[in-house]
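Chains as they are written, first to last, in UniProt numbering: chain A, 1 to 452; chain B, 1 to 452; chain C, 31 to 550; chain D, 31 to 550.
Treat the hints as calculated values from the structure; they're not laboratory data. Treat each hint with caution, since some may be false.
[Unchecked claim] Below, computed lysine-lysine pairings styled on DSS-like, alpha-carbon distance capped at 25 Å:
(1) A:K156 <-> A:K306
(2) D:K176 <-> B:K306
(3) A:K58 <-> B:K58
[Said to hold, decoys possible] Over the 12 Å line for every Cβ pair with chain B, so calculated as not near, a few chain C residues:
(4) T94
(5) G101
(6) E104
(7) R138
(8) E141
(9) G180
(10) L206
(11) S214
(12) R277
(13) V354
(14) A369
(15) Q375
(16) G378
(17) R421
(18) A500
Computed from a predicted structure; not experimentally measured. Ideal Cβ positions, reconstructed from N, Cα and C, are used throughout, including at glycine.
Take a look at the letters that make up each chain.
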Amino acid sequence: MRYLPLTNEDRAAMLARIGASSIDDLFVDVPEAARLSGPIAGLPNHASEMAVERHMAKLARQNLSAGEAPFFLGAGAYKHHVPASVDHLIQRGEFLTAYTPYQPEIAQGTLQMLFEFQTQVARLYGCDVANASMYDGSTACWEAIVMARRVTKRGKALLSSGLHPHYVSVAETMAKFTGDALQTALPTLSAETDAEALLEAIDRDTSCVVVQYPDILGRIADLSAIAARAHEHGALLIAVVTEPVALGALKAPGDMGADIVVGEGQSIGVGLQFGGPYVGLFACQERFVRQMPGRLCGETVDAEGKRGFVLTLSTREQHIRREKATSNICTNSGLCALAFSIHMTLLGERGLRDLAMLNHGLAVQAAETLAAVPGVELVNDSFFNEFTLKLSKEARPVVRDLAERGILAGVSLGRLYPGADALAHGLIVAVTETTTSEDIAALAAGLKEALA
Amino acid sequence: MRYLPLTNEDRAAMLARIGASSIDDLFVDVPEAARLSGPIAGLPNHASEMAVERHMAKLARQNLSAGEAPFFLGAGAYKHHVPASVDHLIQRGEFLTAYTPYQPEIAQGTLQMLFEFQTQVARLYGCDVANASMYDGSTACWEAIVMARRVTKRGKALLSSGLHPHYVSVAETMAKFTGDALQTALPTLSAETDAEALLEAIDRDTSCVVVQYPDILGRIADLSAIAARAHEHGALLIAVVTEPVALGALKAPGDMGADIVVGEGQSIGVGLQFGGPYVGLFACQERFVRQMPGRLCGETVDAEGKRGFVLTLSTREQHIRREKATSNICTNSGLCALAFSIHMTLLGERGLRDLAMLNHGLAVQAAETLAAVPGVELVNDSFFNEFTLKLSKEARPVVRDLAERGILAGVSLGRLYPGADALAHGLIVAVTETTTSEDIAALAAGLKEALA
Amino acid sequence: LEEALIFEIGDTRTTGVDFSPSPLQGRGPGRGEVGASAGDENAPLPTLSPEGERANRLGGLERTASFGLPGLSEPETVRHYTRLSRQNYAIDLGLFPLGSCTMKHNPRLNEKVARMPGFADLHPLQTMDTVQGALGVIHELAHWLKTLTGMPAVAMSPKAGAHGELCGLLAIRSALEARGDARSVILVPESAHGTNPATAAFCGYGVENIPATAEGRVDLAALTARLGPDVAAVMITNPNTCGLFERDMKAISDVVHAAGALVYCDGANFNAIVGRVRPGDLGIDAMHINLHKTFSTPHGGGGPGSGPVVFSAALAPFAPLPFVEKTDAGYVLVEEETAGEHHAQNFGRMTAFHGQMGMFTRALAYIMSHGADGLRQVAEDAVLNANYILRSLDGVLDAPFGASGPCMHEALFADDGLAEGFSTLDIAKGLIDEGYHPMTVYFPLVVHGAMLVEPTETESKAALDQFIGALRSVAERAKAGDAALKSAPHFAPRRRLDETLAARKPVLVWKEPVVAEAAE
Amino acid sequence: LEEALIFEIGDTRTTGVDFSPSPLQGRGPGRGEVGASAGDENAPLPTLSPEGERANRLGGLERTASFGLPGLSEPETVRHYTRLSRQNYAIDLGLFPLGSCTMKHNPRLNEKVARMPGFADLHPLQTMDTVQGALGVIHELAHWLKTLTGMPAVAMSPKAGAHGELCGLLAIRSALEARGDARSVILVPESAHGTNPATAAFCGYGVENIPATAEGRVDLAALTARLGPDVAAVMITNPNTCGLFERDMKAISDVVHAAGALVYCDGANFNAIVGRVRPGDLGIDAMHINLHKTFSTPHGGGGPGSGPVVFSAALAPFAPLPFVEKTDAGYVLVEEETAGEHHAQNFGRMTAFHGQMGMFTRALAYIMSHGADGLRQVAEDAVLNANYILRSLDGVLDAPFGASGPCMHEALFADDGLAEGFSTLDIAKGLIDEGYHPMTVYFPLVVHGAMLVEPTETESKAALDQFIGALRSVAERAKAGDAALKSAPHFAPRRRLDETLAARKPVLVWKEPVVAEAAE
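Turn these sequences into a full structure, and let the hints guide you.
Listed below in structure tokens is the structure:
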């Protein structure tokens, strides 16, 4: 029991100080019937580090990891190269084993980093302010819808059909209980987004329009017109960005009129991790700041007048406001925010632009190569590093088939939209700087065989 | 060029301050003919982190690593489980990227650690004092022979036939130039060590006797008689320990009369690393301390009387004494010493004893199992975690054969003693806590087939 | 100690990451710079112009203007964050006695395991055949959590404790609606974590307080009196935030169930009882488990957490998607598509993908390391350490519930007896100067100037003795009215910070100084 | 800031490592405790008694008495070393201007690469078929080193710079002996690193100094005059330790060769010229390369280093074993067995196994990252940074060779002009209070109160400006005779330490305090 420093002698001395005759005396308030007399049956006892590591390594080997195969999955989680220094720095005990910075005098490291992170996110998104992170993109999206309800005092949200279906599901789950009205639809396998339909649907009951940019199929639409229409009707535009690298190449949603921009930050610094932990980004324009959920770090001075940072505006939060808080979120995704911030600092604007150009260039190359495969049709006119193919067969079994050949081919729309026959032939393919020309050739060859 | 912070603007401003018109002006002292006008031809230009990592990973995959196979190699380098916290701690920038602690006021971390390390080594070896590390066991062994020459003013060293042949080679290389006389011999494939022969050979010209414990074939001999005989003749006993874990189970050489104890520390904290970097341990009795090579850390006080640590007795060293130094060693193996010290602190005496017992127990099990294979004979009566088998065939091709079957079977004496026919059937097998019963069974089965 | 902001030391043309050239390079005019930029920071910032036959496919929405994201070379980056880190306090540096937060040792084995490529480098939407080991981790951890709590089901996807509370309340609400008995009120003790009422409100419930008895436990009589057809559930923290075990827990569950309501347990303090008490034996219907508290996943300066929720048989059918099932053909992830077959009552999805995998691997490594025997020892040592602190400060600090029985894994003190003008805050800041992170302060709200001290089981007796000495010394100075204490901390990277200023004129992002702007 | 010693906080019965039971458990009487000890530190310390049929095989030499090795639990261990680390200065914290040591940024990619199991978890004596990738690393790195230096051969096994010097001198001696011309003297400049003469003596040579000219370079005339049939070799450091390039290097080589001797070059300062000058073009016969200086492998608080030695065609046949050759059948490690065929003149083996593999992987990753263009830029920026410091301190500190031409990658100052009683040491300690590690002091010996400042190429201009300001401020205080400087450092973990006491009464290991011993 290598993690427990007390010796039996210590324990005896401590019981004596306490005035207890045995450890059982300290559990006297537990009802007799619920007191377990010994270790819970059916579970193994303690194991050496070597044994645990072996067991976990065995489980790890039962997976085909992204780095081991030509890999093309995206749809809300992207494989990017994370510099080694990022992981080194986040493992420093002073970051890794610190708590939420409630005592700012001895947490300036975390606080300054959060202040820098907030500024980075705000600038990336083209917004005035950002918070200190949310759980992930999907929960941040729901929080944005709730925030729009608070701001507009309206309860109807229009969700674009291009919004990630998991994000839609999360919103539907919550709306079922909160009574918010959501308007949703399935996407269509065409080059056009649903921007026109959304414009039509905005009315004076609308609290917000939620648009993903680029959308789930990888399509890119200008948000300016939707923003203008929403604002005319007193509604907010919420933009959702699942791939932050795209904003190294594309106009920021905030600069096109979005009031709230939320999204997933996983691409920068965090890694795939089978879906979590990720980091939700949340930014908005200055006038809504007091309606924001989550923690905020602000600049101030100390007793000697030196610049310092503290968590602030906590009167919005649950530990002060309890049931009147803007959200119930408490622990967020601090360490992932740190990873994001370090990676973004390494990149800088120059590096992010280079990275984006490299992603897009490879994606263009891949799209051209794959579209030339018989039975494959490129759905998109526009895309960043992810696009949708329409196959001559149902995509889901094709993906399984290719996985057996050691190619992780992409995300089938059948997986994301089970039961939607009109989408069953769709395959979302993501291409990043980690994709090689050999990978693209392998996928093209695999598709050719699978569709033959 | 991610490691270079200067921008072109910086460079221009700096050249202006210097008063140089171009960078070439700064290389004006290089003879014209030797000045290269551009990057050296035939070498690739800079590469992204991802590209370098991929290249190195590809090379790494071309090896069969110890963890991937039943593994039984020893003979001076041992596979042990190193706790994850060791590697975490040695990667802290404050340890990893510090220099030799020449400015003690801002190097107390390294210095206190070295003081603790010296104490740990001295206690492990049963000696009064130890230094702050050497390159590895083989070079430490030669340094001990030189030290014995300094102490005794004699030039003849008796090297046991049980001493690791690489250690013998290193000594022979050096002795060829320094004029020391070395007496060496090949080991024999028998249960008896050469203790008797060594006793005979000690005379009044002998500076030292060098004995490995346990020896290269894994045999264990009491050192007391040799120590006594050496001391009678005014010679020193140098004990060499290539497997420090053994001293969790076996009497320390210092406690049996060794004057100098040196060895390899790799087993504790360092890992296999294809042979280096390792860490040489060097300890001796108090009376010889001023003849020791290498760095020493000592306790002192600061201007306020607080305990602190400094490098000391540096008048023995090259940077002060130049050609009169006790050795030319400068940089040693600081970070490996740190890894050793952390791992040893985690173990403590209790853990080291447990570890040693576990190693020995598994070795006994393996020896019994393997000795039961037809064509296999156990050479040793005594051993710790390593023993020698005599096979019915030459061992070297058997080892190659088993490697093709995915079993890393041990070290053949043919590899260590090329050309020594009498040893060609010998196979050294090491067993540690990382060896499983399945591994042992696999080796037994493999040997059975290979020898059939 | 001053570390400049990245915006003050970096610029938009510097980068610490090199890239290979883009395949679009040289394909058309105006794009020659792409990829050639590395090493020449004076090249124009790359853009893809839409001219030419093989132009970009960005739909005419290229970002052209600079947006002011500074970059640093790798050496500068490493140094910036290394220096910043040194302004933090952390478990690795010393005892971190934050009550209710369970700041225990974070084993490095966990970090190593979580980074195995077979876990860290998996996409959540890979085909199930390619992620059997990952699903196995979720399944194994789920098994441990169910067995340790004595509950039949667990939802693994909640992202943190508060998200777990949400999960539990949504299941409760679904269950009640399923039986056609939607109810509107959640009862919460005054001493509860703020997330409890906030979560109840977040999913649309009204919230009412339950009073406590003088000894610091839920007032069973008052609770019973309040129960009625409008009460959906009671949220109890057990062990509670006063550091006490709710003796009447089983009785509470019984009256709540009798009133047709359900029992939610805040499991933040599970560390005190793991391996010694199974919440399932106390009649609880849902409880979240903070993997970052009881099971040692790192707090990371504020997350990520992970808050799996165990359910009673009554609630199990309503648990959210997705979850992992073991079948003859291997592990299967049950999502929207397949849930209908046998889990049609699920209340839906709480998050994209499947939860905090990175925390599952760490928690499983921790749990296996301790095993059934070790986890029991964890609870015992945690409780022993807390009682040792409680009793060692007898006569120094007032323990309002000191007579209510042994404390569990945290010791609660109040600010009675401090000198005029001295408060809990002064003690907290004074502890900083002694080299410690302060305890949780002003929580729970039911105790005046509350100080909640949780040492955890990973502190040695020597470390406790040192901390007790420091706390005693500070407390005595506060009682004696030592003026120097009012301005503590003196030996921290910062003196007391002006939180009022920060809130009154919020500065949440860095802006170029006005002078510099004018000069541009 | 006080951190106790492990001997003061640990004990021999505590361990931070758990083990599975030994297979000997229960096999005979007296051995039941083995492996059951984890979790019960009161069990007797394990021993294997020789009784019983299946007793241990330790030859009757069991260690029975306790030897006082303290253990700590894992949390205590992590905290002890984390706290200790914070008493160190390091590159990751700031500029580390140690002249001649080349304290540059250590990329974390290198650390990651070195830890790939395919490198880190290989035994040096595995069969060659199973280590082709590892041999490939050695071969690739060797190719880079040879090409960068313009030399035809390289010995990879030397463990550090001084070990490399030894390697070079042994090859030289072998070559001379092979032609039947054993010689006895090595000439070394006064300004050389102490390892140069120490190494020469270590392999049995006499050592004589070569004087320097007034401008800080080797005195070619004096050297020429001294050459004769007894001189085996000349050891030159180039760029030299005064920070200057030896303009006459080629001429030196020519006269040395003409005298039948060989030229050894100390490559500690290769960082200044890598990619701009090939030592092979200057007539050098052997040169070691400190991978931890020029090629960024970490210094680690004093090693491990790595010192490959490149050889001219004259010396190549005498290079030591082992080395890697590429054949049609893959990479082959040439050892004693196969060397005879084509490398019979090798001077033998310098170390067990094949050298510092862990440093090779790091250095190769670094070299590939920079490439041919980047390494050239490294030299340029390193030299630029040093000259920038040199010229920015004009009029502040005396630069004895300031008129001898541009400096290379380090700037040398002397202590002229300091106030009475003030010395280089005071400036060094004063820099500590400014937040910097001091420069190299009192080296080279040829300059009074020498201060050798090497910034390296990984410092930004902003970092240099800040350092220059600090050094200027301290220098001005030393010139003005500021008394506070005499007692610096004031803001370090320790004040000035009493090195004389340490040497006079050496305390090299911890011993139980006498009082405690008496009590036992």
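Hint check results:
{"no.": "1", "hint": "A:K156 <-> A:K306", "result": "46 Å, violated"}
{"no.": "2", "hint": "D:K176 <-> B:K306", "result": "51 Å, violated"}
{"no.": "3", "hint": "A:K58 <-> B:K58", "result": "22 Å, holds"}
{"no.": "4", "hint": "T94", "result": "22 Å, holds"}
{"no.": "5", "hint": "G101", "result": "10 Å, violated"}
{"no.": "6", "hint": "E104", "result": "5 Å, violated"}
{"no.": "7", "hint": "R138", "result": "4 Å, violated"}
{"no.": "8", "hint": "E141", "result": "7 Å, violated"}
{"no.": "9", "hint": "G180", "result": "32 Å, holds"}
{"no.": "10", "hint": "L206", "result": "46 Å, holds"}
{"no.": "11", "hint": "S214", "result": "50 Å, holds"}
{"no.": "12", "hint": "R277", "result": "40 Å, holds"}
{"no.": "13", "hint": "V354", "result": "27 Å, holds"}
{"no.": "14", "hint": "A369", "result": "38 Å, holds"}
{"no.": "15", "hint": "Q375", "result": "43 Å, holds"}
{"no.": "16", "hint": "G378", "result": "39 Å, holds"}
{"no.": "17", "hint": "R421", "result": "30 Å, holds"}
{"no.": "18", "hint": "A500", "result": "20 Å, holds"}
Hint compliance for this structure: hints 1, 2, 5, 6, 7 and 8 are broken, all remaining hints hold.
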